[in-house]
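Undergrad: Each chain is listed here by its residues.
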Amino acid sequence: MTLLELRDITFGYGSAPVLDGVSLSVEEGELVLVTGPTGSGKSTLLGVVTGLVPRFSGGTLRGDVLLDGVSVLEAPPRERAHAMGYVGQDPLAGFVTDTVEEELAYGMEQLGLPPETMRRRVEETLDLLGIADLRDRDLRALSGGQQQRVAIGAVLTMHPRLLVLDEPTSALDPTAAEDVLATITRLVHDLGVSVLLAEHRLERVVPFADRIGLVGGDGSLVVGDPASLLATSPVVPPLVELGRAVGWSPLPLTVREARRRAATLALPPPAAEAPAAGEAGVVVSGLTVVHGRTVAVREVSLTLARGRVTALMGRNGSGKSSLLWAVQGSGARRSGRVSMGDLDPAGLRPAERRRAVGLLPQQSADLLYLETVDEECAAGGPDTRAVLDTLSPGIPGDQHPRDLSEGQRLALALSLVLAGRPPVVLLDEPTRGLDYRAKRALATILRRLAAEGRTVLVSTHDVEFTALAADDVVVLAEGEVVSSGPVRRVVAESPAFAPQVTKVLGAPWLRVDEVTDALAELP
Amino acid sequence: MSAARLPRDLHPVAWWVWALGLATAASFTTNPLVLLTIVAVATLVVLARRSHQPWADAFRLYVVVAVVIVAMRVLFRVVLGGSVGGGHVLLDLPQVPLPDWVLGLQLLGPVTREALLAGLYDGLRLGTIVICVGAANALANPKRLLRSVPAALHEVGTALVVAVTVLPQLVDSARRVRTAQALRAGDSRRTGRLRRYLVPVLEDALERSLALAAGMDTRGYGRSAGAPPSERRVTGGLMLVGLCGVAVGVYAGLDHTAPRVLATPMLVLGVLAAFAGLALAGRRVARTRYRPDPWRWPEVAVMLSGVATGVVGWWVSGHQILVAYPGLTSFPQVTLVALAGSVLGLAAAAAAPEPRTVAS
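Residue numbers (my numbering), protein chains in the order written: chain A, 96 to 618; chain B, 1043 to 1402.
Hint data in this document are derived by calculation from the structure and do not stem from the laboratory. Quick reminder that beta carbons are idealized off the backbone N, C-alpha and C, glycines included. Don't take each hint at face value.
As the list claims (entries may be wrong) - Derived DEER-like restraints, expressed as beta-carbon distance ranges:
#, chain 1, residue 1, chain 2, residue 2, range
1, B, T1233, A, D285, 55 to 61 Å
2, B, V1138, A, R429, 41 to 47 Å
3, B, R1275, A, D313, 27 to 33 Å
4, B, R1275, A, Y108, 31 to 37 Å
5, A, E211, B, T1377, 52 to 58 Å
6, A, E211, B, A1255, 27 to 33 Å
Said to hold, decoys possible - Derived contacts from chain A toward chain B, CB cut-off under 7 Å, selection only:
#, residue
7, Y108
8, T145
9, F151
10, G189
11, V191
12, L206
13, S425
14, P456
15, V512
What the hints assert, rightly or not - If you want the footprint, here are the derived chain A segments under chain B, 3+ residues with CB under 8 Å:
#, stretch
16, 168 to 174
17, 209 to 216
18, 243 to 255
19, 473 to 486
Based on the provided sequences and hints, a complete structural model is requested.
TA: Next comes the structure, spelled out in structure tokens:
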């Protein structure tokens, strides 16, 4: 039975439509994945379903939204709350109360459910999502994966028939993302909840999707079954890219399937890596960072080589940001030394420090404050525009930074940081919200910075990005280094950080382009 | 052990009434011995009955504020005219001559024991009140107190909750933006610098508020539950009439030249209309409360112990004036009644159940 139906939806701000004559239906107990490049209108589509668009966004909407065959177009989000639960991109921003238990009950209180029912459902949901031991915890003190699960639980207690999730895993480390996805599939299978899920990081979600809707960016939406749609889609996970390169048909959608196919594949091993360059760009010794009573970084010693990109990985809250800020010098450190050449950035003034080391913070939008790209570049110093043009050519100067795409805005922020020509560049989670193309562009930028002889350290959750961009990996846990070394070795040692190509073909393989090169060598 | 005394969180209203009772007692005296007894009582109860949740640590902050207040009061007495009315000179500081137009003020000058003591007593009274409020904050989460507002005032309560939530986040994002802006070159002139910090912080705050509002809306906040427009109009009308009635009544009550018909009758009419409006609005809101805090005898006992302290303090200030406001020339005296009144507050610790243990 059709639970939700979008009929001929057209939405836009002014002239150019974001969605143009789009139709989509979600059946009972189905998981529909909406994907497409960033900024193509995935979130807008979800907003139309929940009613947040156009009420919270402005713009004009035409068409009809039917829930169980009844039009709900005129109903505001609160009147749809009993039937659909929505979890936004940043669950923390949507939390209304303080503790896990109160948050789970909040929606039910609004619906006016009797107290016994509320009590029962809270207990059930705590167990269903495996968060019973968190019930009295402060929501702000939870890790990203826990917050995401609490946010899902908070809408589940209202027993919605449709869950609408906007990028539920994009900010999470690999293990937490697996947890959240396992939870979602369990809801689909056991409770028969329908799920509408937007995501552009496809590598983990695709195996669970019943159908995929591809938002084209030109206002179109193509809906089809995963295998046939991904054969031609512009956004695909590395697994599908690999399948396309080798020429498998039908395309394998799970690692397991692909591994079986790969058994017959005989490839010459990839070319041996160039040995690690010698000269040290940054030497960290015995660095300790303490926030209150928690030890964020515990006696870390590291050497980062010049001309190489190092990826800093580890679960949410493992001390990656603290380490980056301490290396940059403005983060407080308890003890230890950081030396770049013969200077320690902690002792420098901000302007001098900018010339010694650049840091792109997690919320890169914090760097921007002016109305046009040109003004930002002028304020950033004489070189900024030139740097921006090498990073991301062709950004019009009269545009507002907020109107740029996610990747372009990141490039602008990065060029402001690079304007001082620092020999050391640190990036804190730059891949958040970037689609495959933007991530590839960023990887190219980082490789170019390294080729210029700079030392690059980038913290990320994204194993596929690490495979694309990095030479070395450092894995942090509880503020300590648990493994470090060249990407190939670290990835072979810890399967949790293995990219899809490695999972399919085994240890030495990392990237799809290596496979394409090897295939070209075959007679 | 009866069920009412099992480990649980006491109703927040009980703790607040108790703390306000103690604060009332403190406001009726400047006797340092009584005030210190009240501080000791508040501290003991907090140590015995506070929970392990984050707001419980707030008490320490209030104690620091209280100490600062006392120190400031004494310091002011030294700096601004210590020797009004004469007395025992402890330290003869040179007086800084001030122009004639600052009448009644003097800078430095001789410091007398009486002036110091007056500052100390006065500061101690203010500090004790601050500590009482701090005790209430540490014992009962202010947000939980807001949850206890009647259903009809739910909107107001929620607006307060949002304000309480967003304010600390604003401080957080200001700090983040400050460190982030140091990472880039930019305007270093005064106005430009202000803009550098203000624009991202405000953008961030706006986005957060919008996200919170969207989150509340999608979770069903403010569902109308099918109230017809006519009923909404009646509710609005009643509230408006109530407000006007109360305003006119209060004005007439204070202005003795106004006709008496406007005073008490209008006030009563206004209050009645307002209550009818609230009741109607409350009926319209189909909302329930998850695990409401129960109101049992320990709540009553805690409340009474605070009220008793307050009443005794008030009685002492009227009947034993020398105890309540001791002179500055001799060591302050206390009576059994005054001390017993303060110690009555300790009964709260005995009556209240132990706080819930919280897994962290």
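Undergrad: Check the structure against each numbered hint from earlier and tell me which ones fail, lowest number first.
TA: The structure conflicts with hints 3 and 7, although it agrees with all the remaining ones.
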